[in-house]
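From just these sequences and the hints, can you work out the full model?
There are 2 protein chains.
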Amino acid sequence: MMRTEGTGKSGYHHGDLRNALIEAATDLARDGGPEAVVLRAAARRVGVSPTAAYRHFTGQGDLLMAVKEQGQRGLAETMERSAGARGGSPSAGEAAEERVRALGAGYIEFALAEPGLFRAAFCRTPEAPDGGHGPGPEEDPSRWMYRSFRLLAEALDGLVATGRMPAGRRPGAEITAWAAVHGLAVLLLDGPLGRLAPEQRDAFTASALTTVIRGFTAPERPSATRPAGPAAKDAPEHDVS
Amino acid sequence: MMRTEGTGKSGYHHGDLRNALIEAATDLARDGGPEAVVLRAAARRVGVSPTAAYRHFTGQGDLLMAVKEQGQRGLAETMERSAGARGGSPSAGEAAEERVRALGAGYIEFALAEPGLFRAAFCRTPEAPDGGHGPGPEEDPSRWMYRSFRLLAEALDGLVATGRMPAGRRPGAEITAWAAVHGLAVLLLDGPLGRLAPEQRDAFTASALTTVIRGFTAPERPSATRPAGPAAKDAPEHDVS
DNA sequence: GCCTGATGTTGACATCATTAACATCCCTCT
DNA sequence: AGAGGGATGTTAATGATGTCAACATCAGGC
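Protein chains in written order, with full-length UniProt numbering: chain A, 1 to 241; chain B, 1 to 241.
Keep in mind that the hints were calculated from the coordinates and are not lab data.
Watch out, some of these pointers could steer you wrong.
Claimed, not checked - Chain A stretches covered by chain B per the calculated footprint, using a threshold of three residues with CB under 8 Å from any CB of chain B:
id, segment
1, 112-124
2, 183-191
3, 204-210
What the hints assert, rightly or not - Beta-carbon label-pair distances, calculated as ranges:
id, chain 1, residue 1, chain 2, residue 2, range
4, B, GLU154, A, GLY47, 52 to 62 Å
5, A, SER49, B, GLY84, 40 to 50 Å
6, A, GLU199, B, HIS13, 51 to 61 Å
7, B, GLY163, A, GLU80, 36 to 46 Å
8, B, ARG81, A, GLN200, 50 to 60 Å
9, A, ARG195, B, ALA197, 35 to 45 Å
10, B, ARG150, A, ARG40, 40 to 50 Å
11, B, GLU154, A, ARG55, 48 to 58 Å
12, B, ARG45, A, ALA95, 54 to 64 Å
13, A, ARG124, B, GLU80, 20 to 30 Å
14, A, ALA167, B, VAL38, 43 to 53 Å
15, A, ARG124, B, ARG73, 15 to 25 Å
16, B, GLU220, A, ALA167, 54 to 64 Å
Unchecked claim - Computed, partial: chain A to chain B, Cβ under 7 Å:
id, residue
17, TYR146
18, GLY158
19, GLY172
20, ILE175
21, THR176
22, ALA179
23, GLY215
For every residue, glycine included, the Cβ atom is placed at its ideal position computed from N, Cα and C.
Encoded structure:
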C-alpha cells in the first residue's frame with residue numbers, strides 16, 4: 001500500500017494525497033496551532049497546487065477537521081499510555097483512583113508536549129451545515145471525537161464500581177473531571193500560567209487532580225447545617241450529545 | 001466629553017474613533033467570536049476607512065486585545081453581580097462557600113449569555129513582542145486581565161479564613177477552581193455539551209461546583225491505606241505570572 | 001483502443017491585514 | 001490673529017488567503 005509516505009508517488013498523480021495533506025497540515029498545526037493550518041501552505045509543502053486539495057477535502061475547514069482528529073487521537077493515546085504505565089495497585093479502589101489520576105496527568109502531559117496539536121484538537125469548527133458532504137468518507141465525528149472524554153468516563157465508572165465513589169455522584173462526574181483537566185490545560189497553555197517552571201506545572205496538576213478526586217471520593221460533610229441542602233440540584237441526567 | 005456615543009461626531013474628524021471601533025469590534029465578537037473581529041468590518045460599521053483604525057491601534061491584534069478587555073470586564077461584572085445577589089448566609093463558613101459557588105455560577109452564566117464575547121475574552125493573542133508599542137496607552141494587561149481569576153482567589157481566601165478549607169490546600173486552589181469553571185464553560189460552548197437543555201446545563205454546573213468545593217472542604221479520608229500519601233505532591237508554590 | 005471519471009493545474013476573484021503617500025482639520029505658539 | 005504642526009483619515013497598492021470555473025492529464029474499463 002505504502003500510504004502516507006514521502007516516497008509514495010507511485011507514478012500516479014501523487015500516490016495518495018489526502019494523507020500527505022493531512023500530514024502536512026498536522027505539521028503546520030504542531031507549531032502554530034489551528035490558525036496555522038493554511039490550505040495553501042499544506043499544498044505547498046506537499047508540492048502540489050492549492051486547488052488540488054479540493055479533490056480530497058471540501059475546503060480548509062474539512063482539512064482542519066482531519067487535523068483535529070489527529071490531535072484527538074494523539075491525546076487519547078498519551079492518556080492511555082500514561083494510565084497503562086502506572087505502578088502497582090495496593091487495592092482495587094486505589095487502582096481505580098490512580099487510573100483517574102493517570103488519565104488526567106496524561107491529558108496535561110499531551111497538552112504541554114504538543115500545544116499546537118492540542119489547541120487544534122479543540123478548536124472551534126464552523127460545524128458543517130449537515131447534508132451534502134463533499135468527497136472523503138466523512139465519518140461520524142462522535143466516534144473518534146472526544147475519545148479522551150470516554151476514557152475519563154470509564155475510569156470514573158471504575159471509581160464507582162470499587163465503592164470509592166458514591167453512585168449518586170456519578171452522573172455528571174465525567175463533565176466535572178473533563179472540565180477540570182481541560183481547563184487546567186488551557187490555563188497552562190494560554191492563560192496566566194503561560195510561562196511556568198515544569199515542576200510548578202506538575203505541582204499544580206497534582207494539586208488539581210487531588211482536589212477533584214477528593215471531591216469525588218470524600219464522604220459528605222458530617223455536621224452539615226443543611227440536611228437536604230438548598231443547592232441540591234446535584235446529580236443531573238447523564239446524556240452527552 | 002460625550003465619549004463612545006453614536007452622536008459623538010462633534011464636527012471633529014469623528015469625535016472619538018477608538019471607542020467607536022472598540023464598540024463595533026465588540027459587537028462583531030458578540031456574534032461570531034474572536035475570528036469575527038475583522039478590522040475592516042469594524043471600520044465599515046463605524047463608516048470609516050479601514051486604515052483609519054491604524055491611528056488608534058497597532059493593528060487587528062491590538063483591536064482584538066481591546067475586545068478581550070471588554071469581555072473580561074463583562075465576565076468579572078457578571079461574577080460580582082452573581083456573588084452579590086446571593087441569599088442570606090447561615091454562618092460565616094457557609095457564606096464563604098456560597099460565594100465561591102456564586103462566582104463560579106456567574107462565570108458559567110456569562111459564558112452562556114455571551115458566548116462570542118467569552119471566547120474572545122480568552123482567545124489567543126500573538127503576544128506583542130514587547131518593546132515599541134504603538135499608539136494608545138497600552139496598560140499592563142495583568143491588571144484588568146483575569147480579574148475573574150482574582151475574584152475566585154479572594155473567595156478561596158475566605159474559605160480558608162473561615163476554617164472551611166485547610167490552609168495547606170490553599171496554594172494552587174485558585175488554579176483548580178478556575179480550571180474547573182473555565183473547562184466547564186468551554187465544554188458547554190464548544191465541546192460535546194454544545195446543544196443541551198438549559199436545566200441540564202445548570203445541573204451539570206451545580207454538580208461540578210459541588211464536587212470541587214467538596215474537594216476543597218472535605219476532611220482527609222479517615223481510613224487511608226497511606227498515612228503520608230504517595231501522591232503528596234500537593235501544595236505547590238503559589239506564583240502567578 | 002477509445003472514452004469516462006478521478007486527479008491536478010492555471011487563472012481569476014473577493015476578502016483581509018498592512019504599508020506608503022497624501023489630504024484635512026483642530027490646536028497651539030508666537 | 002494667523003501660520004505651522006501634529007493628530008486624524010483617505011486613497012492606492014502589495015501580498016496572502018479561501019474558493020470557484022475551466023482546462024489538462026492520467027488510469028483503467030467498455
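Do the hints match the structure? See the list:
{"no.": "1", "hint": "112-124", "result": "holds (count 3)"}
{"no.": "2", "hint": "183-191", "result": "holds (count 6)"}
{"no.": "3", "hint": "204-210", "result": "holds (count 5)"}
{"no.": "4", "hint": "B:GLU154 with A:GLY47: 52 to 62 Å", "result": "holds, 56 Å"}
{"no.": "5", "hint": "A:SER49 with B:GLY84: 40 to 50 Å", "result": "violated, 60 Å"}
{"no.": "6", "hint": "A:GLU199 with B:HIS13: 51 to 61 Å", "result": "holds, 54 Å"}
{"no.": "7", "hint": "B:GLY163 with A:GLU80: 36 to 46 Å", "result": "holds, 41 Å"}
{"no.": "8", "hint": "B:ARG81 with A:GLN200: 50 to 60 Å", "result": "violated, 33 Å"}
{"no.": "9", "hint": "A:ARG195 with B:ALA197: 35 to 45 Å", "result": "holds, 40 Å"}
{"no.": "10", "hint": "B:ARG150 with A:ARG40: 40 to 50 Å", "result": "holds, 43 Å"}
{"no.": "11", "hint": "B:GLU154 with A:ARG55: 48 to 58 Å", "result": "holds, 57 Å"}
{"no.": "12", "hint": "B:ARG45 with A:ALA95: 54 to 64 Å", "result": "holds, 59 Å"}
{"no.": "13", "hint": "A:ARG124 with B:GLU80: 20 to 30 Å", "result": "holds, 28 Å"}
{"no.": "14", "hint": "A:ALA167 with B:VAL38: 43 to 53 Å", "result": "holds, 50 Å"}
{"no.": "15", "hint": "A:ARG124 with B:ARG73: 15 to 25 Å", "result": "holds, 23 Å"}
{"no.": "16", "hint": "B:GLU220 with A:ALA167: 54 to 64 Å", "result": "violated, 22 Å"}
{"no.": "17", "hint": "TYR146", "result": "holds, 5 Å"}
{"no.": "18", "hint": "GLY158", "result": "violated, 17 Å"}
{"no.": "19", "hint": "GLY172", "result": "holds, 4 Å"}
{"no.": "20", "hint": "ILE175", "result": "holds, 5 Å"}
{"no.": "21", "hint": "THR176", "result": "holds, 4 Å"}
{"no.": "22", "hint": "ALA179", "result": "holds, 3 Å"}
{"no.": "23", "hint": "GLY215", "result": "holds, 3 Å"}
The structure shown violates the earlier hints numbered 5, 8, 16 and 18.
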